[in-house]
Amino acid sequence: MSHTILPTVLRSALLAAGVAAGADSAIAQDATAPGGGGGGGIQRERSFPAIASGKWTGKRLRDGQPDIQGQWSNTIANHNNWTDPQGGVPGDPNPRAIPKTSRAERAPSRVSDPPDGQVPFQPWARAVQQDLLANFHNPTRPEYVEPLARCAPAGVPKSFTWHGFEIRQYPGIVLILFNSGSRLIYIDGRPHLPESIKLWNADSRGHWEGNTLIVDVTNNNAKARFARTGEFASDKVHIEERYVFDNGGQRFNYVATITDPTVYTRSWTATIPVRRYTEKDEPDGWHYEVEVANTKDGHLQHEHPERICVENNGPFGQVAVAPPKKK
Amino acid sequence: MQHRSVLSGLVASIAFASLAVGSQALAKEKIPRLPNGKPDFSGIWQTTSAADYDLEPHSTRSDAPPSAGIVEGGVIPYLPAALEQKKRNFAARETEDPRLKCWTLGTPRGIYYPEPFQVLQRETDVTIVFQFGYSVRTLWTNDTLHPKVTDNELYLGDSRGHWEGDTLVVDVTDFNEDTWLDRAGNFHSPKLHVIEKWRFLDENTIDYQATLEDPNVFSRPWNIGVILHRHREKNFQLIENYCYTRDFDQYYPVPAKE
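Sequence order for the protein chains is V and Z.
33 is the number that the working numbering gives to position 33 of the first sequence; each next residue is one higher, with no gaps.
1060 is the number that the working numbering gives to position 60 of the second sequence; each next residue is one higher, with no gaps.
Just chain Z, with the same shape it has in the complex (with noise of 0.2 angstroms):
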């Protein structure tokens, strides 16, 4: 990774940057953990961000509300060809985003996606079921590094993860490129590197930050950052949400007997 002392400028000043927010001290006691100390994120979480639509920040259009967008400084860094490619994806957003076809959404688009996913826990992994599609990502905090042999197949990445205090921080690589960044046709390529940072700002609430670089498509790293609330509504659980079958699911089942 050559870009790893820029990456690593870049993520020790989102973190300095978000000291700024709440009572650590007081957050720090309340927030749940594992036995082994180490915060526990498992439950059910969802951003209420407009984060999907648009990274970037934009007026109302007919296919998203208005918002400010999480991207830090507001503009993608594409290179000049990416940047072509980002604006026919823009105006073929309708039909050629891979969510219409409920494929996976991809790291980080799973995690700011508008529905739930469920984080599930133990010392050796961090489990994430994303409601759409059903997806399952495995984020290994067993000490264990990336594959040596990588071949661009995963759609989620692969995700390693190690403490820094009490936040989470994953390396994530090894993409395919069949997954967007949003709707509005912001994309990588198989080059895609994402470094993400999750941390409690309390027991209800995470601060998730991504840093993406990628080469073949941004002349430098970039930042995102998202809040996810926990789904507190009382037995409120996932619902699977196989929306890939909706092509073929009125074929099933046999109907029953008049």
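Next comes chain V alone, as it looks inside the complex (with noise of 0.2 angstroms):
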């Protein structure tokens, strides 16, 4: 597409490749950079308010359905700790990537039920996610490599924090084009895929009630793990969405009822907070990758060139397997 293309795939790469290349040091910098989580980067706050579920006041598509199109990108970090979301993946090699502030100083953890912010899990599956995560640097074997960093769709709810995403409503569907897979999310009522369908971005139902989104999410192949810390699900997990957007169309809040009962303890929820871009946003190569598009008239007008991940990972195979070669 246009020239600023290249490094925005090429950054996409690092992050996605960080285990290997040792790439991911530069974002890991990058998001610590002065005063550490919430101040820079990627990284844009350290808290965020409470949206309530309630009436939708704002535009409304023909359907009826609230009008949420655009871009939108997770306000606090991306999927290096799924706990401690500005703390950079424990065990990082490069000091640099360790954040310099306290915990109190940084972001909350997604687990925003229970209120320590911990997974419930049980003991024999705390002991796999540690193992995960002490084996994340340096993966000696195939399946201590997040499966991310071989551009597979980063599932659910980890798509969530992956880059910046796009949202088309059509009547009937809300789809999601996530930076590494989309989602189809039927709400028209019919009924889920027969069980023994196992996905890797799972089987979506929805419906609105006022200004909520809720999803009902099953078919998960839990393939896809939560962030690089090494949270997990296994596929009879149960994922309720309830994605709250406020009526001035700015902001929506993530908020995911997680159900396993082979792997937590009880039902944990997961809150990601998440904001608008649009024209009047400076595309940043990680939120927002949009390319200006060429409009007769001139007028400023950004559209997200094709998504498909090339980079870095050329011996893991996925979509489009080798960089493409430059003229």
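Because the hints were derived from the structure by calculation, they are not lab data.
Any given hint could be a false lead.
What the hints assert, rightly or not - Restricting the straight-line Cα-Cα distance to at most 27 angstroms, the calculated cross-link-like pairs of lysine-lysine (DSSO-like) are:
#	chain 1	residue 1	chain 2	residue 2
1	V	K198	Z	K1101
2	V	K296	Z	K1030
3	V	K59	Z	K1038
4	V	K296	Z	K1101
5	V	K198	V	K236
6	V	K296	Z	K1038
7	V	K198	Z	K1234
8	V	K296	Z	K1148
9	Z	K1191	Z	K1101
What the hints assert, rightly or not - Computed from the model, here is a short list of chain Z residues facing chain V with C-beta under 10 angstroms:
#	residue
10	I1031
11	S1042
12	V1071
13	L1083
14	I1227
15	P1253
16	V1254
Stated by the list, open to error - If you want the ones that stay clear, here's a sample from chain Z, every Cβ over 10 angstroms from chain V, calculated:
#	residue
17	P1057
18	S1067
19	G1074
20	T1095
21	K1148
22	D1171
23	E1203
24	Y1208
25	D1249
26	Y1251
The beta carbon of each residue, even a glycine, is placed where N, CA and C say it ideally should be.
Starting from two chains that each stand alone, build the complex the way the hints lay out.
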């Protein structure tokens, strides 16, 4: 597309392939730049407002859905760390990737319930998570490679912490285009797929209640993890997502209740704050990876180029393996 | 685009030829439309043709059923050196076809590949989600032009559409060279330029025509056409086919407690 796409692609690559490449440190450094979490790089906030479920008073589409189309991205951090989102990946060999801030100065855990901010793992599952984390920086077995580093879809819910994403709406359908993978959410009342079908991005059935899109997520193959820190679910997991939009249309909070009796001692809740991006924002190569469209009258309009994971992952195999050859 | 005038002529002749199909007046009243009156191709579509096996006419063989192909005139007009490359591709097709690695199929191959794709349409754009690889293509119908700078990075190309009556005409450029046109090794270079024409024959059938030109590979523009059928099975949906994960998905997920 344009000359700016390559840096975007490469940057994603560095993030995606961080495990293998050590390229990760550039971002970690960026993310913890001056003052640590919440101040620099992609980390835009250390705290965020609650948004109450209630009436939708904003714009609607022709089928009556609240119009929430456009570009969005989480405000806190990438997928380095699930429960200390601005804390980097524990054990990072790059000393500059370790934040200088105290825990209290960084954004809260994405686990909003239980109150201790920890995933309520059963003991065996906690041991597995700790093993995945301990082997993250130097994966000695294939299963230690975080699957997103192979360009796999980031899955539910991690996709919301991996670059910006775009929502497009149609009668009966909400489509979310993520940096790695897409989700078609049917809101027409149809049943889920047969239980035996398991998918990276699961099977989504939604409906609107006022300002809140409620999505029932099943058929998850649970191959995607929640973060580089190794949190996971099994393919028995059931997720109820609530996308609670503010009536100004500028933010939503993603609130997911995650239930899996085979892995956790109780259901728990994840909360991810999200803000809108528009032409008023500068493209930044992570949250807002748009290009300037070639408009006939020259007015500023942004568009997102095709999302195909090509980067720095040659040996692993993905939709598009080899980085395009430059002419 | 120095071949534009030649192409325009070809495209016009395709359009004229396809007028012969069906009862235009009747179909026109029944086709779904967006609020702005443009045809609404939303739905899940698939070809029943054998085009993906080999665009050109071929007898039955171990890896393909027989087919008259979908190339107008029957032969892809390769330049001599490109024809040699095509022959090498054909010989190596059982290992070198990018589809075997589940790479993004490209344009137009994604359209006639034998898996469903979903069209989601707004007045400003047409989004295509392909079940194979779950890749996503946007055809912009918002009066924007191709980017001023192109760098041959795109698998699906840069697609800019406009309406000519009830026909969606899409100009597609800026490809990379990592896609094939079919399983038989037919190929293109980054100079590929595709002009697609999408038109309803009736509310459940699309006439898809494309003109391909590539000065590095073909001696002249050439045309293909397939019919796309709407999936009407109850609750039919795409099932994400991230087949490129097959090489490594055995390592995931974490095994559940015994």
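These are the hints, each one checked on the structure:
{"no.": "1", "hint": "K198/V with K1101/Z", "verdict": "holds, 21 angstroms"}
{"no.": "2", "hint": "K296/V with K1030/Z", "verdict": "violated, 34 angstroms"}
{"no.": "3", "hint": "K59/V with K1038/Z", "verdict": "holds, 23 angstroms"}
{"no.": "4", "hint": "K296/V with K1101/Z", "verdict": "violated, 39 angstroms"}
{"no.": "5", "hint": "K198/V with K236/V", "verdict": "holds, 10 angstroms"}
{"no.": "6", "hint": "K296/V with K1038/Z", "verdict": "holds, 21 angstroms"}
{"no.": "7", "hint": "K198/V with K1234/Z", "verdict": "holds, 20 angstroms"}
{"no.": "8", "hint": "K296/V with K1148/Z", "verdict": "holds, 11 angstroms"}
{"no.": "9", "hint": "K1191/Z with K1101/Z", "verdict": "holds, 23 angstroms"}
{"no.": "10", "hint": "I1031", "verdict": "violated, 16 angstroms"}
{"no.": "11", "hint": "S1042", "verdict": "holds, 7 angstroms"}
{"no.": "12", "hint": "V1071", "verdict": "violated, 26 angstroms"}
{"no.": "13", "hint": "L1083", "verdict": "violated, 22 angstroms"}
{"no.": "14", "hint": "I1227", "verdict": "violated, 24 angstroms"}
{"no.": "15", "hint": "P1253", "verdict": "holds, 4 angstroms"}
{"no.": "16", "hint": "V1254", "verdict": "holds, 5 angstroms"}
{"no.": "17", "hint": "P1057", "verdict": "holds, 31 angstroms"}
{"no.": "18", "hint": "S1067", "verdict": "holds, 27 angstroms"}
{"no.": "19", "hint": "G1074", "verdict": "holds, 32 angstroms"}
{"no.": "20", "hint": "T1095", "verdict": "holds, 14 angstroms"}
{"no.": "21", "hint": "K1148", "verdict": "violated, 6 angstroms"}
{"no.": "22", "hint": "D1171", "verdict": "holds, 13 angstroms"}
{"no.": "23", "hint": "E1203", "verdict": "holds, 16 angstroms"}
{"no.": "24", "hint": "Y1208", "verdict": "holds, 20 angstroms"}
{"no.": "25", "hint": "D1249", "verdict": "violated, 6 angstroms"}
{"no.": "26", "hint": "Y1251", "verdict": "violated, 4 angstroms"}
Of the hints listed earlier, those the structure fails to meet are numbers 2, 4, 10, 12, 13, 14, 21, 25, 26, in rising order.
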